[in-house]
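**Student:** Listed below are the residues making up each chain.
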Amino acid sequence: MITELGHFALILAFLVACVQTVVPMIGASRKWHGWMAVAEPAATLQFLLTAFAFGALTWAFVTSDFSLRLVVLNSHSAKPMLYKISGTWGNHEGSMLLWVLILTLFGACAAWFGGNLPPSLRARVLAVQASIAVAFFAFILFTSNPFLRLPVPPFDGQDLNPLLQDPGLAFHPPFLYLGYVGLSMAFSFAVAALIEGRIDAAWARWVRPWTLAAWVFLTIGIALGSWWAYYELGWGGFWFWDPVENASFMPWLLAAALLHSAIVVEKREALKSWTILLAILAFGFSLIGTFIVRSGVLTSVHAFANDPERGVFILMILAFFVGGALFLFSMRAGAMEARGVFGVVSRESALVMNNVLLAVSCFVVFVGTIWPLVAEMLFDRKLSVGPPFFNLAFSPFMVALGAILPIGAMLPWKRGQLGRTMLALRVPFVLALALAVLAWAMQTGRSGLGPIGLFLGAWVVFGALTDLWSRTGRGDNRLGRLSRLPRADWGKTVAHSGLGVTIFAVAGLLAWEQEDIRVVQLGESFDVGGYTLTLDGVDQVRGPNYISEMGKVRVAQNGREVAVLNPEKRVYPVAQMPTTEAGIDYRVFRDVYVVIGDQQADGGWTVRTYIKPFANWIWSGSILMAIGGFLSLSDRRFRVAAGARKTPAGVPAE
Amino acid sequence: MSARGFFQKIRFLAVCTLLAMGTAVQAVEPDELLSDPALETRAREISKDLRCLVCRNESIDESNADLARDLRVLVRERLSEGDSNAEVLDFVVARYGEYVLLRPTTRGANWLLWASGPLMLVLAGGIGLAFVRRRSRSQPAGADTLTEDEKARLAEILKE
Numbered sequence: 211m212i213t214e215l216g217h218f219a220l221i222l223a224f225l226v227a228c229v230q231t232v233v234p235m236i237g238a239s240r241k242w243h244g245w246m247a248v249a250e251p252a253a254t255l256q257f258l259l260t261a262f263a264f265g266a267l268t269w270a271f272v273t274s275d276f277s278l279r280l281v282v283l284n285s286h287s288a289k290p291m292l293y294k295i296s297g298t299w300g301n302h303e304g305s306m307l308l309w310v311l312i313l314t315l316f317g318a319c320a321a322w323f324g325g326n327l328p329p330s331l332r333a334r335v336l337a338v339q340a341s342i343a344v345a346f347f348a349f350i351l352f353t354s355n356p357f358l359r360l361p362v363p364p365f366d367g368q369d370l371n372p373l374l375q376d377p378g379l380a381f382h383p384p385f386l387y388l389g390y391v392g393l394s395m396a397f398s399f400a401v402a403a404l405i406e407g408r409i410d411a412a413w414a415r416w417v418r419p420w421t422l423a424a425w426v427f428l429t430i431g432i433a434l435g436s437w438w439a440y441y442e443l444g445w446g447g448f449w450f451w452d453p454v455e456n457a458s459f460m461p462w463l464l465a466a467a468l469l470h471s472a473i474v475v476e477k478r479e480a481l482k483s484w485t486i487l488l489a490i491l492a493f494g495f496s497l498i499g500t501f502i503v504r505s506g507v508l509t510s511v512h513a514f515a516n517d518p519e520r521g522v523f524i525l526m527i528l529a530f531f532v533g534g535a536l537f538l539f540s541m542r543a544g545a546m547e548a549r550g551v552f553g554v555v556s557r558e559s560a561l562v563m564n565n566v567l568l569a570v571s572c573f574v575v576f577v578g579t580i581w582p583l584v585a586e587m588l589f590d591r592k593l594s595v596g597p598p599f600f601n602l603a604f605s606p607f608m609v610a611l612g613a614i615l616p617i618g619a620m621l622p623w624k625r626g627q628l629g630r631t632m633l634a635l636r637v638p639f640v641l642a643l644a645l646a647v648l649a650w651a652m653q654t655g656r657s658g659l660g661p662i663g664l665f666l667g668a669w670v671v672f673g674a675l676t677d678l679w680s681r682t683g684r685g686d687n688r689l690g691r692l693s694r695l696p697r698a699d700w701g702k703t704v705a706h707s708g709l710g711v712t713i714f715a716v717a718g719l720l721a722w723e724q725e726d727i728r729v730v731q732l733g734e735s736f737d738v739g740g741y742t743l744t745l746d747g748v749d750q751v752r753g754p755n756y757i758s759e760m761g762k763v764r765v766a767q768n769g770r771e772v773a774v775l776n777p778e779k780r781v782y783p784v785a786q787m788p789t790t791e792a793g794i795d796y797r798v799f800r801d802v803y804v805v806i807g808d809q810q811a812d813g814g815w816t817v818r819t820y821i822k823p824f825a826n827w828i829w830s831g832s833i834l835m836a837i838g839g840f841l842s843l844s845d846r847r848f849r850v851a852a853g854a855r856k857t858p859a860g861v862p863a864e
Numbered sequence: 002m003s004a005r006g007f008f009q010k011i012r013f014l015a016v017c018t019l020l021a022m023g024t025a026v027q028a029v030e031p032d033e034l035l036s037d038p039a040l041e042t043r044a045r046e047i048s049k050d051l052r053c054l055v056c057r058n059e060s061i062d063e064s065n066a067d068l069a070r071d072l073r074v075l076v077r078e079r080l081s082e083g084d085s086n087a088e089v090l091d092f093v094v095a096r097y098g099e100y101v102l103l104r105p106t107t108r109g110a111n112w113l114l115w116a117s118g119p120l121m122l123v124l125a126g127g128i129g130l131a132f133v134r135r136r137s138r139s140q141p142a143g144a145d146t147l148t149e150d151e152k153a154r155l156a157e158i159l160k161e
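Here the protein sequences line up with chains H and X, keeping their order.
Count along the first sequence from 1, then add 210; that gives the number in our numbering.
Count along the second sequence from 1, then add 1; that gives the number in our numbering.
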């Protein structure tokens, strides 16, 4: 019964979205206030209906209602409750429902917090947002309905994929979708502004918090996924340049570019048409990501045939929204004249460079991702584009970005002097150089990767701190002023430092990682990278829905025990699938990462040991970036913009 | 990466792992390792550039599948017989086709793939530079300049 109500609510939400697309749009062009006002209650209603539908599906998973096809395919009565709930979105249909739930949530938020927007702009934003929802409601209802029943319900389900039964992965998709879908707000604002024909500093100030929020969620989502891959897949890799990973990384890069270009629009009324284009492209790449992931077209060209209906449907959505928006853009872009004037050496120019580097690096990822498809279709060549290509073709852009970041971030607006800014940055430069030389001297005959990464990371972090310190001015009580600086300044410093930390950590981990693979007898000890490991035993352990072979490995340093690790090999009988659970001793400067393999003929066990320096720093850096984003989001000027309904619409540029 | 993405990736991993289950093979095994550390390091380097054919986007260095193991052993055999890294790669490509290379060649249309980044950088950098130069030369427009009326009014104010 609840399932049918959920299904019905979903259909109602679809109809509400149709109304919300048409009525406010007509109202805005005819200046009929009654019609424009339809948008807000409709957005709220749409969200409530979708939330009910999602709740109904979650309920079916929680109560293990095996009369539902989706529950049978993705759940099992013995599964822990957390994974029953996360199983709701651990599959195609459920995750699409979560997708639209978040889409309608953002629409509703725009209705709730958009009180200070001019009524016609607000009506148009909500109408565009609803039109996206219409497309995806139709997609769900016609190709991926989660509410289908089975005529003969089985006694139990087929279980969720065991690799998905993990806390890191339970929360990874919701964050990622908050990011993907959050970019729809930037898109809706861009299209609404194109229809209005007006883009000014106020527009940039309204659109920026949404982009910032989307970017923060994407950052968290990607970091969670990467962390999961690190501890779950059994060899400690954290990024594979897989098409589906790239699908989330491309919107992230463009959202980062959009954040920065919107600052230029807000402060200086320049880069307007580029910012609009970026907003369209960023959401376009979210849709491309959805297409890549759902159709399977890039996993293998032939997988497209598995689900042609869904793939074609998303391709049509993509073509309609991106094509339509770009058409509108080509008609109206000429009208958006830049006003701000600035010198070649200025913050504005530095932000242009930032955008060039981020957009081109996104382009490289895009070309690398679709190249196998292009090569097969146009040149009849079956080839692969893997991590070696991306590491070579993508990394230089990040190096360039890290190198110019501290300088660009400190250059004054309008007109700056390179020499003066460089002089202000002499301390971080010398510090970073000294650290890099130290690292070079301490490592033995390896590549320059580690020292270069350390230099860049330290340069970015210390540069960000110098920038913050310089904002406290001169004279006494600089510390006091430091605490009173706007949150946006703190956000900038924290987010940039996070990037520096991540750059350093990735380079450091890749450069200084140690690996050891061997057969170990029970009770035998061996040395890896200054640690002595002893395999004490291997036991059979029974979990709630799996059977495990759990090793006990003692880790000692200088004769003192530092950790006891339990690497596991699990088998999930229902899903018929084995997984590895690495035993990891997390430390600030290095992880000891132990994986247990199979028993050998002579009774010993295969044991893989990795010493992973600075592994935690990769995700700590990502979290710092996200915290920086949150700090910036909580800045007074956004809160004022959200709260003060009486302020005139046109906020002057600073 | 979305849940669905993981789901698919994992299915492929699962296939690889299932293939491995019966025969108890898991990534690089101790018995495969070459005794000569220099040769082993080269083998690992080459393995990272070769794709496991039955898995999705995994190198043979990471993969658990039987086929990956065969390829790892093959790479080490060729190296032990004195092949250079390039010769080993050529040998594997001759057998399994270009698809096994995770680092695509620059042959044929692939130059476009490798050049796309630098070309786009030049193009985007050029457009960016042109934009910046135009901005630095243009006169302050719109709100920053005064209309004739405003100038007259300003002159009046200054006189007073």
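None of these hints come from the bench; they were simulated from the model.
Each residue gets a CB set at the ideal place from its N, CA and C atoms; glycine is no exception.
Among the clues, some could well be false.
Calculated pairs, EDC-like style, for lysine to aspartate or glutamate (alpha carbon to alpha carbon, straight line, at most 20 Å) [stated by the list, open to error]:
#1 X:49 x X:33
#2 H:241 x H:214
#3 X:49 x X:84
#4 X:49 x X:32
#5 X:49 x X:78
#6 X:49 x H:725
#7 X:49 x H:726
#8 X:49 x X:99
#9 X:49 x X:71
#10 X:49 x H:795
#11 H:624 x H:699
#12 H:477 x H:442
#13 H:592 x X:99
#14 H:762 x H:778
#15 H:592 x X:33
Per the computed footprint, the stretches of chain H lying under chain X, defined by three or more beta-carbons under 8 Å from a beta-carbon of chain X, are [to be verified]:
#16 593-604
#17 687-699
**Student:** Now look at each hint and say whether the structure bears it out.
**Tutor:** Here's how the hints hold up against the structure:
1. X:49 x X:33: Distance of about 15 Å is within 20 Å: holds.
2. H:241 x H:214: violated (40 Å)
3. X:49 x X:84: Answer holds: residue 49 of chain X to residue 84 of chain X is near 17 Å, not above 20 Å.
4. X:49 x X:32: holds (19 Å)
5. X:49 x X:78: Holds - the C-alpha atoms of residue 78 of chain X and residue 49 of chain X are around 16 Å apart, at most 20 Å.
6. X:49 x H:725: holds (15 Å)
7. X:49 x H:726: Roughly 17 Å separates the two Cα atoms, so the pair holds.
8. X:49 x X:99: holds (15 Å)
9. X:49 x X:71: holds (15 Å)
10. X:49 x H:795: violated (26 Å)
11. H:624 x H:699: Holds - the C-alpha atoms of residue 699 of chain H and residue 624 of chain H are around 19 Å apart, at most 20 Å.
12. H:477 x H:442: violated (45 Å)
13. H:592 x X:99: It holds: about 7 Å lies between the C-alpha atoms, which stays within 20 Å.
14. H:762 x H:778: OK: residue 762 of chain H and residue 778 of chain H at ~9 Å, within 20 Å.
15. H:592 x X:33: Violated. Residue 592 of chain H to residue 33 of chain X sits at ~29 Å, over the 20 Å cutoff.
16. 593-604: Per the Cβ count (10), the hint holds.
17. 687-699: Violated - the stretch 687-699 of chain H has 0 residues with a Cβ nearer than 8 Å to chain X, which falls short of three.
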